[in-house]
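K.L.:
These are the residues of each chain, in order.
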Amino acid sequence: MCSYRIFALVEVITPRTLDEALRLKAERPDARPIAGGTDLLVELNFDRARPETILNLVEVPELKGWARDDGALRLAAGLTYTEAMQGELAELLPALAEASRTVGSPQIRNRGTIGGNLGTASPAGDAHPPLLVENATVEIGSARGIRTLPLTEFFLGPKRNALEDDELVLAVRVEPSGQPQTFMKVGPRNAMVIAVCSLAVGVDRERGELRAAYGSAGPVPALVTAPLDERDGFPDRVADAASPIDDVRGTAAYRRHALQVLTKRALDRVLA
Amino acid sequence: VKIRLTVNGEPREADVWAGESLLAALRDTLELPGSKNACEQGECGSCSVLLDGDLVCACLVLAAQADGHEVTTVEGLRAADGLHRVQQAFVDAGAVQCGFCTPGLVVATAALLERNPSPSEDVIREELSGNLCRCTGYTKIFDAVGLAASRT
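The listed protein sequences derive, respectively, from chains A and B. Read the first sequence against our numbering and you will find it ends at 272, with the numbers running on by one and no gaps. Read the second sequence against our numbering and you will find it ends at 424, with the numbers running on by one and no gaps.
Excised from the complex, chain B in its bound form (with noise of 0.2 Å):
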C-alpha cells in the first residue's frame, strides 16, 4: 500500500506492506534508523517518535495509518545550527551509556518540555516512565531533562 505523510517536515511517500508498522516504514523504507527498534509492543518506548504532535510509539501505529499525518522522528529534531537543546543537554550530563534508548528519550523529553518547560521531578519520572534505559542510566538521564529545561 502507498502511503504519503510528511516526515521531519517534508513530504514524503512510502511503500509498505499493509500490516507493517510505521517504525518499519521509518526505519526500513524511508531510511530514517534514528528509532530504535526493540520490544515491538510499546514497552520500551526506543522507538518514540510525534506523531501529529502526540508522542507515541512507532511501533504500535500502524504505517498505513500515518497516511496523511505528520511525523517528527529524533531526526527532525536537529536544529538548523546544532543538536536540540534536548540532544545538546544529553551530551553535557553524560546521559547515554550505550545509546539504544537514546533516540526515544530525546524524543520523549522534547514532547515533555514542549507541554511543560520546567517538569518537576516527578513529572518528569511519569512522563519518562515509557522509555526504558536498560544500562539503568536514569540518574543522569533525569539530570540531562533538567539541564534542558534549565536552558530554556
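Bound-form chain A, shown alone (with noise of 0.2 Å):
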C-alpha cells in the first residue's frame, strides 16, 4: 500500500552558510523556513502543510547564539528558550527568561527558537511581550540586504508579519533597559500551555514610563505605556487597549479580566 505521505514532494535544502541561505531564500521563496520545528513539525505530522521546499537553517552558525554588539544585545534568530533563561542573558533581559520558563516543556525549549516564534507570529507567541517592552528592533535578511524594523511594527495580523518572500529573520536586537520588569501568563496548568493570555510589564524610570505588553489578547502581541505618574489608570488602560477574541482557550471577557488583574499584579511587583 501506497500511502499519500510517500508521494507527496517535499525537498529539504540545508545551506551551511547565512549567505547560502539568504541566496537560497531568494531563488524559492516559497521556502518554509525551519529551526526547532515545534511548529512546522505539527502540520506536517497533521497533514495541514505539503511544502514543496523546507529551508532547514539549523545548520548555520550566523543564526546561533547571542552577542553584544555596540551596547545592544543581538539575540540570533536560532536563540532557544532554553539558553534565553540561562546564566547572563536572563540576567540581562529578566522578563524574556522568565517567559521563555512558560514555554512547552524542556524537550520543547531545547528547540524552539526566538526567530521562530517572530515568525509564526501567532498571537500567542510568548517571546513578543517581554520583547515589545525592552523596545527591541528585528533585523531582517534577504539576498538583496539587511533591515530592520521596530517588533511594533512586525506583527501584521494573526501568523501574518512583514516578512517578504525573499526574507528571513537573521536576530532580535535589544538595548537591555536595566529596568524592573515581569512577564505573567494565564493557562490551565504550568507546562504545555499556550497562553489564554499573556503580558510583560516593565517600569522605565530614564523615559518615566510604564511599559506592558499582551499577547493572545488581539490579533497582534501589542505594546502599551503611560506616564509613570498614571500607575492607579494603567490596569484598566491595558485592558481597555486590548482586542481579544472568544476561542477555545477563553472568552474575551475573562481575556479582558485577566489582563487587567495581571497588570496590577505585575505593577506591584516591578514597583515594589
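Just so you know, these hints were derived from the structure itself, not from any lab. By construction, the Cβ of each residue, glycine as well, lies at the ideal position given by its N, Cα and C atoms. Warning: the hint list may mix true and false statements.
Unchecked claim - Short derived list, chain B residues pointing at chain A, Cβ under 10 Å: (1) E285; (2) W289; (3) S320; (4) L323; (5) L355; (6) V368; (7) E386.
Both chains are given apart, each in its own frame, so use the hints to dock them into the complex.
P.N.:
Right, dumping it as C-alpha cells:
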C-alpha cells in the first residue's frame, strides 16, 4: 500500500552559511523555513502543510546564540528558549527569561527559537511581550540586504508578519533597559500551555514610563505605555487597549479581566 | 532523502521521506520502536530522545535535520551489564503501569540526572513536565527518579 505521505513531493535544503541561506530563499521564495520545528512539524505530522521546499536553518552558524553589539544585545534567530533562560542573558533580559520558562516543556524549550516565534507570529507567542516592553527591533535579511524594523511594526495580524517572501528573520536587537520587568501568563496548567493571555510589564524610570505588552488578547501582541504617575489607571488602560476574541482557550471578557488583574499584580511586582 | 547519523553510538544511514519526523525514521526505518508515537505534536513526551545530548521530542525534529548529528534513544541507554540505573529504578519503584510513557520518561530522567545528579522534587516536576503519564502514575515515577538519583 502506498500512502499519500510517500508521494507528496517535499524537498529539504540545508544551507551551511547565511549567504547561502539568503540566496536559496531568494531563489525559492515559497520555501518554508524550519529551525526548531516545533510549529512546522505539527503541520507536517497532521497533513496540514505540504511545502514543496523546506529551508533547514539549523546548520547556519550565523543564526546561533547571542552577542553584545555596540551596547545592544543581538539575539540570533536560532536562540533557543533554554538559552534565553540561562546565565548572563537571563540577568540582562529577565522578563524574556521568565517568558521562556513558561514555553512548552524542556523538550520544546531545547528546540524552539526566538526567530521561529517571530516567524510564526502567533498572537500567543510567549517571547513577543517581553521583547516589545524592551523596545526590540527585528533584523531582517535577504539577498538584497539587511533592514531593521521596530518589533511593534513587525506583527501584521494573526500569523502574519512583515517579512517579504525572500526574507528571513536574522536576529532581534535589544538594548537592555536594566529596569524592573516581569512576565505573567494565564493557562490551565504550568507546562505545555498556549497562553490564554499573557503580559509583560516594565517600569522605565529613565523615560518616566510604564510599559506593558500583552499577548493572546488581540490579533497581534501589542505595546501599551503610560506616564509613570498614571499607575492607578494603568490596569484599565491595558485591558481597554486589548481586543480579545472568544475562542477555544477562553472568552474575550475573561481575557480582558485577566489582563487588568495581571497588570495590577505586575505593577506591584516591578514597583515594589 | 538519504540521511547519515549516529544512533546509539553507531553510524547509521536511512532513506526517508523528506517531510518525515525523526520519530518516524527511528521507528519505521531504523527499526528502533522504543521511542513511542502518541500525540505527534510535542505534547506528551513519549518520543523523547537525546539529539546531540539535548532532550527533544523526536516527533518535532525533521528527520533530515538529524543528518550528521547524534541521537540517543531509550534503546541506547542500556548499559553493557544490564539495565541503565534509571531503568532499574523504574522497575524497582514499580513506576510502570501501561508502560507507554515509560521510554520517554526514562530518557528524560536520564537527561535530568546527567545535568543535575540530585534534583529537588520541584526540579523533578518541572523537568518531567513535558512527559505525560495517562495512567497518572506520577507518584511512583517521582519515587523512581529519587531512587535513581540516590544510587548515583
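K.L.:
Can you name, in rising order, the numbers of the hints this structure does not satisfy?
P.N.:
1, 5, 6 and 7
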